[in-house]
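*Asks:* Residues per chain, in single letters:
There are 4 protein chains.
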Amino acid sequence: MGKKMGVAIVGSTGYGGVELMRLLEAHPYAEVTSVISSSSAGTSITDGYPHLAGIREELLDGVDAQAIKSKADVVFLATPAGVASKLAPEYLAAGLKVIDLSGDFRLKSPALYEQWYKKPAADEVYLEKAVFGLAEIYGENVKGADFISNPGCYPTATLLGLVPAIKAGFIDPASIIIDAKSGVSGAGRGASLGTHYSELNENLKAYKINQHQHVPEIEMVLSDVAGTPIVTTFTTHLVPMTRGIMSTMYATLKDNRSVGDFIELYKEFYEGRRFVRIRPEGQWPATKEVWGSNYCDIGFAVDTRTNRVTIVSVIDNLVKGAAGQAIQNLNLLMGWDETSGLQFVPAYP
Amino acid sequence: MGKKMGVAIVGSTGYGGVELMRLLEAHPYAEVTSVISSSSAGTSITDGYPHLAGIREELLDGVDAQAIKSKADVVFLATPAGVASKLAPEYLAAGLKVIDLSGDFRLKSPALYEQWYKKPAADEVYLEKAVFGLAEIYGENVKGADFISNPGCYPTATLLGLVPAIKAGFIDPASIIIDAKSGVSGAGRGASLGTHYSELNENLKAYKINQHQHVPEIEMVLSDVAGTPIVTTFTTHLVPMTRGIMSTMYATLKDNRSVGDFIELYKEFYEGRRFVRIRPEGQWPATKEVWGSNYCDIGFAVDTRTNRVTIVSVIDNLVKGAAGQAIQNLNLLMGWDETSGLQFVPAYP
Amino acid sequence: MGKKMGVAIVGSTGYGGVELMRLLEAHPYAEVTSVISSSSAGTSITDGYPHLAGIREELLDGVDAQAIKSKADVVFLATPAGVASKLAPEYLAAGLKVIDLSGDFRLKSPALYEQWYKKPAADEVYLEKAVFGLAEIYGENVKGADFISNPGCYPTATLLGLVPAIKAGFIDPASIIIDAKSGVSGAGRGASLGTHYSELNENLKAYKINQHQHVPEIEMVLSDVAGTPIVTTFTTHLVPMTRGIMSTMYATLKDNRSVGDFIELYKEFYEGRRFVRIRPEGQWPATKEVWGSNYCDIGFAVDTRTNRVTIVSVIDNLVKGAAGQAIQNLNLLMGWDETSGLQFVPAYP
Amino acid sequence: MGKKMGVAIVGSTGYGGVELMRLLEAHPYAEVTSVISSSSAGTSITDGYPHLAGIREELLDGVDAQAIKSKADVVFLATPAGVASKLAPEYLAAGLKVIDLSGDFRLKSPALYEQWYKKPAADEVYLEKAVFGLAEIYGENVKGADFISNPGCYPTATLLGLVPAIKAGFIDPASIIIDAKSGVSGAGRGASLGTHYSELNENLKAYKINQHQHVPEIEMVLSDVAGTPIVTTFTTHLVPMTRGIMSTMYATLKDNRSVGDFIELYKEFYEGRRFVRIRPEGQWPATKEVWGSNYCDIGFAVDTRTNRVTIVSVIDNLVKGAAGQAIQNLNLLMGWDETSGLQFVPAYP
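First to last, the protein sequences are chains U, B, P and C.
Its first residue numbered 57, the first sequence is counted upward by one per residue in our numbering.
Its first residue numbered 57, the second sequence is counted upward by one per residue in our numbering.
Its first residue numbered 57, the third sequence is counted upward by one per residue in our numbering.
Its first residue numbered 57, the fourth sequence is counted upward by one per residue in our numbering.
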């Protein structure tokens, strides 16, 4: 095996950053050569993450573009919203390929970004330049690109569950309702009442109903594949678990369709894409069945009484919903097999 | 304070039974005078439930009607489906008032029961005789009745959230989608892979999509209050927590309605009914906020883009969804204040 | 029933404060007439605790002694360490009886307080004045007192498990090792990495080994009852649950003693004290068996091979370990039955 | 890379079996060529474990020795106690190398086995033949052996934490007290009240105090390394989490020793053994810091007041406590680097 390609991680002290480190440890062609944190530069990554003892013990680097370029060819941005929009242009200018895990470059319209994120948008030139890396849908665009905007966790689970049905005209695009549920790690490592153990344990809560910043991202893709504007009803819930997202999606059938029709459609649509698994009739996926892995599992129910389909889609929000899909995009971008370094079996139980 | 009325609990070794004991310990007018279990008669209730040591230490009685009648005036049936249908007629014949917590007498149609429960239905005479005790909706029927069928947990959360909107014609009855989530205690104390800790912890799963036996119960009431048949899309999910149910409900608005309209409607509808609490605009209930109590909390979101309302309703499945509502029905039936012995503050956190 | 006595709660926005509200709602002789918070005065308690909607909706009062005195006869201090030491003297001076739930008045030596709490100690006059309210051990001192220092959560579970054996000379006082475990609510409502859901869920951690501020409190009482200085080895662990403390305690037997001997000793020692329950041989308590209640359950194992006894003691840290015992002390202080308003059955499951 | 060696797994439908599959998927020199279950032969492994869809879809094989031999060179026995004792002799006779994960061959004395396991012991010839595979202690014996008895989960965490101190004479062997805590997956996949979610969630319980079948295994090794019989006090607790074991161990110091002395001793003792990580002074390991990995992390506290050391040792019970160490033994046995295929980074959070 030859020398591996160097990659850098900015935002190494967040959950997305450490998950990138966990996964990349197994990568055959890439290795992490710089872990970066603007706030903690100069300290050891193991100070905050003792689980990395003996695995990654180096000091955290700063965010300087030239320093990164001297160590790496690709940089992952695992920073909060509002940070990548400032860093990415510098890194691109320095000749680095950039894969951004934040929401800063997902929406093409600055106005839309500002409306939903309540922050200044990135420069429009870069919004246009960034390729939206929903790997199973836009993978062709990712190949050879040098700037990828990695999708959000809710959009990934939701879109992989809806796009084939929309594209095939199986469902009425005006009827889509998305009831999404997430584990707590999606909220990041920041301490707040909203991430306090005693507040969340043995509790289930709805939040940001129709107000989540992932709404426009979902609608952007659905509208794109439908060729017509689509709006959705979208509810998010916080579930007392660390990892996992489930989107339960409802839509009215345009014609008489059976579960078997959906299974056939989706199997064909995702043929050759190992990370999407379609469940047999009568079986719906559970989040633990993808825990720690890059899989997205999808199951269906059709109710002839109401003429609606129910689609259940699950991912691990930190893997397929963040770090895993980012590595999948790295693979696509570099021309490697998309599963390289991502063949983790879900950890069950 | 005079002598309390004696009540008996059949099915004392299940979660519904022990919850009745917990709650009734605080009742001002009733006291448990017989705890009954066909399978464990003669043993102490504390063998299986050491938390009752020093509180209830008597031996479990058998199911004989005359023996019960000698100790109690009212009997709660907290037995699995298929048992109450056999016991209730005897107890009624012996002059006992009966409050059944199982599903055996909820549906008026034997055929419907057999279709959804996959068991022989109860005698039609008794199906008709049983008053469906959804206390805030059918409380008037409960007063003075001697045979109550206590509603299911999912129907209670769901119906309290939908009935006012249906009755007022705020929503299109053909558009109702119910995404329901429950803690594990709803599955009872029976040991199975489906209640195994390692299978459920850090896991979220969908189950029985459109097949749950609570579907016809929900549709029975919705159709009744609408005056026209209603069918719904109903998904159930298992959440890694012990207690709590949340129903997230979606419907299309018939006219332009704001969250404020819904709040006003529901506050008026539930005026004087202490156990339903309506949340202010922008706030949605979480299951922990009713944990251990008889409350049902309801919140709303309206999306003008899609013209849909989202209604979130939560209960503690073992209290308002079972034992608590059963005691509320006892109160109504006896002419006591409906909150008697039920003024538990939610245990938070 | 006559008019209830008014009690005030300072620190109403913490977990100890809201637990006092939950429990006092059921008290036959006392009622909460003022909920107080220095930081949130003027806002509604339901802003931070929606579970209290319809139960307690009044605005939070300020900490002024005269204002409190105009509404209440007794004040509970449920404030962080370092606050009660400043407030208690004023309140006592205003003629209020004071029950302090913090650690500020537990240790009689200012030096010891400063060593373990790393804060300035309270005035020595008040340290001496405060009666240490470990109800089952020092209840006689509490009766008629007007200033109570309520014990810590770990000390309560630990001391109730050790005192009878020490007093009876069953165990070697030099051999005591305490392995204690707590749910997360003991850390309070403050948001930090140490209370972050994703950090604690599916995790078990040891912390503050031999450094916990409850060590001198435990040793103070053990030394007192032994009549000779005792030092202990004390480890604390954080368990992924919200409520519950278990102390597993190890000691060398001084003579040949069986489990039966311990059971007999403890039953006699705690005779008439309803909140301590001794388990039969072969059965050890679990924290859920006291959840939400004021019980302390204790079980034993004797190993003849090593000549050691293992004592397991459990409480709900927010009830017997805080608010419940504080109310028990209120009852003792006022001459009411010590169980008044505290007859909650553990919520199981 | 050449052809991989075939390995078979008997007991594939248990948690140990599926964990072997998860880990071996990443092995560079070995691959699973037969998954075996006596009870489910002929069905697909994905029937019970949908998380393996697309990864392992073959049918389960039967337990026949010759059939296994035709597919594999090494067989892992991940069967319940009492089964391996019957299967291992056949497999050895067929020329297979055997790594047994059950307790059947750990104790060398049949009488001891029968006393603690309450089952008939294996044939003494095989008890003697089996090499006890505590890899960091007895690794030299494993090399080239063809029959390995893999240690238990509690013994692994406990012994790795105690052996160096015993060997070096740092602690009094008569003083050892072990307070052990485990997640629920250690109880296997069998459904019972003891593994029921609602009974274990938000609960901490002590069980089998001084009676756990791992006691003689721990004492066997401690006695061996001390050169003198050692008895211990051993308590097990069930913690509301799926994976993870922590042993908190207490012992009296023989001489004046600091935490620094222990750290130095252990670092030297485990030099070159990557899976044992020693924590710096003032830091103690948490179970999540080894979750999903083969690490055992160890930390220390010394209390000069009581002259005792507290040693905290954590593992993932399904990895280092079962499947991971079994693969580590495979590596040693085959002469491969012991970390081959085991370089999983702990999944955090």
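Worth flagging that the hints you see were computed from the coordinates, not collected in a lab.
Hints may contain errors.
For identical chains, the list gives no copy identity; a pair is met inside one copy or between any two copies.
[What the hints assert, rightly or not] Using 20 Å as the maximum straight-line C-alpha spacing, the simulated SDA-like pairs for lysine to any residue come out as follows:
#, residue 1, residue 2
1, Lys142, Asn312
2, Lys60, Lys223
3, Lys59, Pro84
4, Lys153, Ser279
5, Lys142, Gly391
6, Lys60, Asp103
7, Lys142, Ile286
8, Lys60, Ala82
9, Lys59, Gly328
10, Lys60, Asp202
11, Lys199, Ala243
12, Lys223, Val281
13, Lys127, Ser94
14, Lys323, Gly283
*Asks:* Run every hint past the structure and note whether it holds.
*Replies:* Against the structure, the hints come out as follows:
1. Lys142 / Asn312: neither (50 Å within a copy, 42 Å between copies)
2. Lys60 / Lys223: neither (39 Å within a copy, 43 Å between copies)
3. Lys59 / Pro84: both (10 Å within a copy, 19 Å between copies)
4. Lys153 / Ser279: neither (28 Å within a copy, 59 Å between copies)
5. Lys142 / Gly391: For Lys142 and Gly391, the Cα distance exceeds 20 Å both inside one copy (28 Å) and across copies (52 Å).
6. Lys60 / Asp103: neither (27 Å within a copy, 39 Å between copies)
7. Lys142 / Ile286: Answer is neither: 31 Å inside a copy and 53 Å across each miss the 20 Å cutoff.
8. Lys60 / Ala82: both (12 Å within a copy, 19 Å between copies)
9. Lys59 / Gly328: Neither, since 29 Å and 25 Å both go past 20 Å.
10. Lys60 / Asp202: within (18 Å within a copy, 37 Å between copies)
11. Lys199 / Ala243: Classified as neither; 30 Å inside a copy, 47 Å across copies.
12. Lys223 / Val281: Result: close within a single copy only, 6 Å intra versus 39 Å inter.
13. Lys127 / Ser94: within (17 Å within a copy, 53 Å between copies)
14. Lys323 / Gly283: neither (23 Å within a copy, 43 Å between copies)
When each numbered hint is compared with the structure, violations occur for hints 1, 2, 4, 5, 6, 7, 9, 11 and 14.
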